[in-house]
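Participant: Residues per chain are reported as follows:
Protein chains: 2
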Amino acid sequence: MLEPTLKLGLASYTLRTLNLDDTIAATARLGLKYLGFKSMHMPLDSDASQLKTIRQKVLDAGIDLYGAGVVYMRSEAEVNQAFHYAATAGLSVIIGVPNHELLPLVERRAKETNIKVAIHNHGPGDKLYSSADDIHEKVKNLDQRVGFCIDIGHVVRINEDPIEKLKKYQDRLYDMHLKDVDLAAAEGKSVEFGRGIIDFPAVFKTLIAIKYQGIMAIEFEKDGDDPLPGLAECVGYANGLLRLLDK
Amino acid sequence: MLEPTLKLGLASYTLRTLNLDDTIAATARLGLKYLGFKSMHMPLDSDASQLKTIRQKVLDAGIDLYGAGVVYMRSEAEVNQAFHYAATAGLSVIIGVPNHELLPLVERRAKETNIKVAIHNHGPGDKLYSSADDIHEKVKNLDQRVGFCIDIGHVVRINEDPIEKLKKYQDRLYDMHLKDVDLAAAEGKSVEFGRGIIDFPAVFKTLIAIKYQGIMAIEFEKDGDDPLPGLAECVGYANGLLRLLDK
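Residue numbers (the working numbering), protein chains in the order written: chain Z, -8 to 238; chain A, -8 to 238.
Bound conformation, chain Z alone:
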């Protein structure tokens, strides 16, 4: 069988109630090869030695530590910290939410470090980037390394079409959050893949068509205190679809 073209990974916010070691073990158990850490698993103020230890633990489990986020950047100090953190931990992408006025500094750091910044849309109520279009408006004149982490759940929660956004912003699509939600409205909640309203076959076909090179990071927000069964169901559902779609 050919290697699939799409890469399934995990946004570790899913396992926010698990400690670092259990998070790595669960990721390995589910056969996921790509991990993006949220700060409870790799704190933003970790020193270089701590970051290297964490990175090595992930690699030792046969997993690629490719990114981190969502990282909020509300000051120059936080921008500088985020890039130092990412460079030290060997990340290729920061999934971030920079304040608008900090974007010139973010652009400069991205060029200096060659680390991509994938700005994350957060749906209704997010004052900075509620829609992928808000991100586009802010990054279109910046260096190519500043782009998108399209969270398809939040696209649907703001009643927009994830397929359209994935296609439209494919040139700067550096990460994405794979998610199902039960309602195309602000109160829509994360559910197991296939139980909500997102058309996963269409999402995967689109990602294959645009030759998406990044990670599809599963972010399953339900069952925070016992996330593994729901996450496993999402992994199985994605793998079942990809078995037929991605060959």
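Hints in this document: simulated from the structure, not taken from any laboratory.
Fair warning: there could be bad hints in the mix.
Pairs count within a copy or across copies, as identical chains cannot be separated in the list.
As the list claims (entries may be wrong) - Using 30 Å as the maximum straight-line C-alpha spacing, the simulated BS3-like pairs for lysine-lysine come out as follows:
1) Lys48 with Lys180
2) Lys(-2) with Lys131
3) Lys(-2) with Lys180
4) Lys24 with Lys180
5) Lys(-2) with Lys196
6) Lys43 with Lys102
7) Lys43 with Lys159
8) Lys(-2) with Lys159
9) Lys213 with Lys48
10) Lys213 with Lys(-2)
11) Lys129 with Lys118
12) Lys238 with Lys202
Starting from the structure of chain Z, add chain A where the hints point.
Facilitator: Here is chain A on its own, set in the frame of chain Z:
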């Protein structure tokens, strides 16, 4: 969307370390609508009141209690007990392993009660029914109600083709155990769907083509002490495939 034609359920041996209530709760959590009990969840010597209480618990969770097994029948008393148990609990099928000399009695009870008997193949080393062909040899001249529970994992473990057996014995196929295994040999072990060697798209296409009316009962034997994540992955994988194949 049309109702799918195939029905996904659970063989409760998967959850053999969980008690009855936790087994029902886990089945409901995974969205499975059909349950077949193994004896640790519904003991074979339960009295009528106990059986009715257990049945009601399952129904109250929105689940159909359709069968039980694997039930070994090594004496006339065990045959009589199995049919009394199934009739009292309102089951439509007994997944069973009757001794060969008891088949005339099994046939008589099946005709009296109109409860189907699905004889289970157990792969290499099983002296009674190692291959589906062994079952055929014994049931071909019996009443139509005595037929097969084809366990595709054990078919593969004996190095036979599950697609061929499902097609060949479709007229008496009353239950099946859905399973993936990592090796086409006696030492092959149960693994999460999609991680082993069984061609699930081919299995589902075959079941759709033969218009299979029974339950596809997931039997996941790995991780006995912590089966839920692996079982959930199996459920997701099956649902992902069925999303594309069964419309």
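Participant: Now, for every hint given, state plainly whether the structure supports it.
Facilitator: Structure-based check of all given hints:
1. Lys48 with Lys180: Result: close only across copies, 29 Å inter versus 32 Å intra.
2. Lys(-2) with Lys131: Close inside one copy (26 Å), not across copies (49 Å); limit 30 Å.
3. Lys(-2) with Lys180: Both: 24 Å inside a chain and 27 Å across chains, each within 30 Å.
4. Lys24 with Lys180: Result: close both inside a copy and across copies, 26 Å intra and 23 Å inter.
5. Lys(-2) with Lys196: both (13 Å within a copy, 26 Å between copies)
6. Lys43 with Lys102: Within. Shortest intra-copy distance 23 Å satisfies the 30 Å Cα cut-off; inter-copy 70 Å does not.
7. Lys43 with Lys159: Close neither inside one copy (37 Å) nor across copies (58 Å); limit 30 Å.
8. Lys(-2) with Lys159: within (20 Å within a copy, 39 Å between copies)
9. Lys213 with Lys48: both (27 Å within a copy, 26 Å between copies)
10. Lys213 with Lys(-2): Both, since 22 Å and 26 Å are each at most 30 Å.
11. Lys129 with Lys118: Within one copy only: 13 Å inside a chain, 71 Å across chains, cut-off 30 Å.
12. Lys238 with Lys202: Both, since 13 Å and 28 Å are each at most 30 Å.
The structure fails to meet hint 7 from the earlier list, while all remaining hints are met.
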